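Chains as they are written, first to last, in our numbering: chain A, 1 to 200; chain B, 201 to 410.
To be clear, the hints were calculated from the coordinates, so they are not data collected in a lab.
Fair warning: this is a prediction, and the values are worked out from it, not measured in the lab.
We put the CB at the ideal spot given by N, CA and C, even for glycine.
Incorrect hints may appear among the rest.
Unchecked claim - Pulled from the structure, derived: some chain B residues nowhere near chain A, Cβ distances all over 10 Å:
#1 S211
#2 I261
#3 L266
#4 L280
#5 V286
#6 E290
#7 A303
#8 L335
#9 L346
#10 F367
#11 L369
#12 D375
#13 S379
#14 T381
#15 D384
Said to hold, decoys possible - The calculated lysine to any residue pairs, modelled on SDA-like cross-linking and capped at a C-alpha distance of 20 Å, are:
#16 A:K176 x B:L399
#17 A:K176 x B:M227
#18 A:K176 x B:Q272
#19 A:K176 x B:F400
#20 A:K119 x B:L273
#21 A:K176 x B:L396
#22 A:K105 x B:Q272
#23 A:K119 x B:I276
#24 A:K176 x B:S394
#25 A:K119 x B:S323
#26 A:K176 x B:T404
Unchecked claim - Distance ranges between label pairs, derived from CB positions:
#27 A:L142 x B:F209: 53 to 59 Å
#28 A:L142 x B:A299: 30 to 36 Å
#29 B:G368 x A:N113: 51 to 57 Å
#30 A:N116 x B:V364: 40 to 46 Å
Chain residues, written in single-letter form:
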Amino acid sequence: MIEFSNIFEMIIAAVFVSNIILSFYLGIDHQLFIEKKHTMINKRVLVILIVLPLSSMISFVIQQSLLIEIDALGEIVRDLTYFRTITFIVVIILVNYIILGLLSKFFSNQFKNLQNDFKGVLPSTIVLGSVIVITSSVTTLLESVLLSLVVVFGYAFVLNILKFIENQLEMKVVPKSFQGLPLQLIILSIMALIFSGFGG
Amino acid sequence: MKTTTTKQFISESMTQSITNNNPVFIMMLSIAPVLALTNDLALSIIAGINVLVILVVAFLIKRGLLSKVPEQLNIIVNILLVATLVSISELVLQVYDLAMYDAIGIYLPLTAVSGMILTQTNSKALDKDTFKNALIKVATQGISFLVTLILIAIIRSILTTGAVRLFGLQMRVFDVAYSFTLIDSPFGAFLILSLLMALFRNLTNRGAKS
């Protein structure tokens, strides 16, 4: 859960203190992590930027109106949270395919190469995990949209720093067994240590 | 004769799953729960058993009832199938141990998009195997994931507290004064997984491309 009381705290929390990669370990996708080019990474981030706010918004509305009902005294009248996982997954799949359909219909040439990225996002932990974290952290619809945008920014921020450091290390000699994910995990561990300092 | 062959196949499959096809150290699947839950041995065991049971049941349903699903719908059907099983396991854990359910948190629903389960249920190589052999391969992958989780959890637990704790039992390895509590944090999770991954690759002679 990401804790905040105003928009400034929300930005600091979602980008640094409770970063989605460094605190929740989400989005550590093997295929994305072996990618060297920044453009490919940013393409995936763009897809998440489209899918996540919409999915979070719809999931938040469903959670507040259908899954949980609280009466005037603050007592839970209806609790269907055990349907949460399957509901959120259906929402993500629908949002993903509707956006993909609309983009391929109206912008067929420009968005043709994004098709694989949309399909790649589906079985990834980043969207489902972020939707669960966001819906349990916010109290209003606007907060859910804002927090999802900040979460995606935090994800892109860490991913780009990681790739930048990795590219800098390309000229250095790295032991064979540390090449790839082990080296990235060491970079992430140092970043996690630094970013945790923002928590005070 | 037939029993010996099956035993040999199980043994070979288990060895392959733990060494060359290790889901965490070699295939790098389901990294999120490995990083998040290995700070507690009991959580790791519950999460590992949960993945093993869901993996086997999803395989049985997929093989028995959903073998004729069209190629385009395969990934969606698999995700929905696993999500349904995850919802059931969430309910069971809520009834059995609510504190454990809360401690596992978002990583239980995340099993629905677990790379390890989806890789196994989508595998075309498994479709070509006989039912029994495919079931053995799937089960050994699940057991390998469980064993890997337990191994990482034991190492992190010893480094963090100097002892291994499990359901109220405790085995002290060294005094708590020498413990390295930072291993309990995300820094420690990334660092220990990285070092173990490199060590495992070194021991099995697998490079970065694997």
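Cross-check of the supplied hints:
Distance to chain A confirms B:S211 as a non-interface residue, since its nearest Cβ pair spans about 27 Å, more than 10 Å. Every beta carbon of chain A lies more than 10 Å from that of B:I261, the smallest distance being close to 15 Å; the non-interface claim holds. The non-interface label for B:L266 is consistent with chain A: the shortest C-beta to C-beta separation is roughly 16 Å, beyond 10 Å. At roughly 7 Å, the least C-beta separation between B:L280 and chain A is not larger than 10 Å, which violates its mark as non-interface.
Not every CB of chain A is more than 10 Å from the CB of B:V286 (nearest about 5 Å), against its label as outside the interface. At the 10 Å boundary, the C-beta of B:E290 falls inside the reach of chain A, the nearest C-beta of that chain being 6 Å off. Even its closest Cβ contact with chain A, about 14 Å, leaves B:A303 beyond 10 Å, as expected for a residue assigned away from the interface. Its beta-carbon lying about 23 Å from the closest one in chain A, B:L335 satisfies the requirement of being farther than 10 Å from that chain.
A cut-off of 10 Å between C-beta atoms confirms that B:L346 is not in contact with chain A; the least separation is 19 Å. Interface exclusion of B:F367 from chain A stands, the closest Cβ pair being 25 Å apart, more than 10 Å. Under the 10 Å C-beta cut-off, the non-interface status given to B:L369 relative to chain A holds; the minimum distance is some 28 Å. With a least beta-carbon separation of about 25 Å from chain A, B:D375 lies farther than 10 Å from that chain, consistent with its non-interface assignment.
With a closest Cβ-Cβ approach of about 18 Å to chain A, B:S379 is found to remain outside the 10 Å limit, as its non-interface label requires. Remark: the non-interface label on B:T381 is consistent with the geometry, its nearest Cβ contact in chain A lying 13 Å away (cut-off 10 Å). With a least beta-carbon separation of about 12 Å from chain A, B:D384 lies farther than 10 Å from that chain, consistent with its non-interface assignment. Taken as a hint, the A:K176 and B:L399 pair is honoured in the structure, with Cα atoms around 11 Å apart against an allowance of 20 Å.
Annotation: proposed proximity of A:K176 to B:M227 holds, straight-line Cα distance about 16 Å (limit 20 Å). For the proposed pair A:K176 and B:Q272, the alpha carbon gap of about 38 Å is over 20 Å, so the pair is violated. For the proposed pair A:K176 and B:F400, the alpha carbon gap of about 12 Å is at most 20 Å, so the pair holds. Using a Cα cut-off of 20 Å, the hinted pair A:K119 and B:L273 holds, with the two alpha carbons roughly 12 Å apart.
Only pairs whose Cα atoms come within 20 Å are accepted, and A:K176 paired with B:L396 is accepted, the gap being roughly 14 Å. Using a Cα cut-off of 20 Å, the hinted pair A:K105 and B:Q272 holds, with the two alpha carbons roughly 19 Å apart. At roughly 10 Å between alpha-carbon atoms, A:K119 and B:I276 fall within 20 Å of each other, so this suggested pair holds. For the given pair, A:K176 sits about 13 Å from B:S394 by alpha-carbon distance, which is consistent with the 20 Å threshold.
Between A:K119 and B:S323 the CA atoms are separated by roughly 17 Å; this keeps the pair inside 20 Å, and the hint holds. Restraint check for A:K176 and B:T404: satisfied, since their Cα atoms lie roughly 12 Å apart, inside the 20 Å limit. Taking the beta carbon of each, A:L142 and B:F209 are about 57 Å apart, inside 53 to 59 Å as hinted. The hinted range of 30 to 36 Å is satisfied by A:L142 and B:A299, whose Cβ atoms lie roughly 34 Å apart.
The beta-carbon spacing between B:G368 and A:N113, approximately 55 Å, falls within the hinted interval of 51 to 57 Å. Take A:N116 and B:V364: their Cβ atoms lie about 44 Å apart, and the range 40 to 46 Å holds.
In terms of the numbered hints stated before, the structure departs from hints 4, 5, 6 and 18, listed from lowest to highest.
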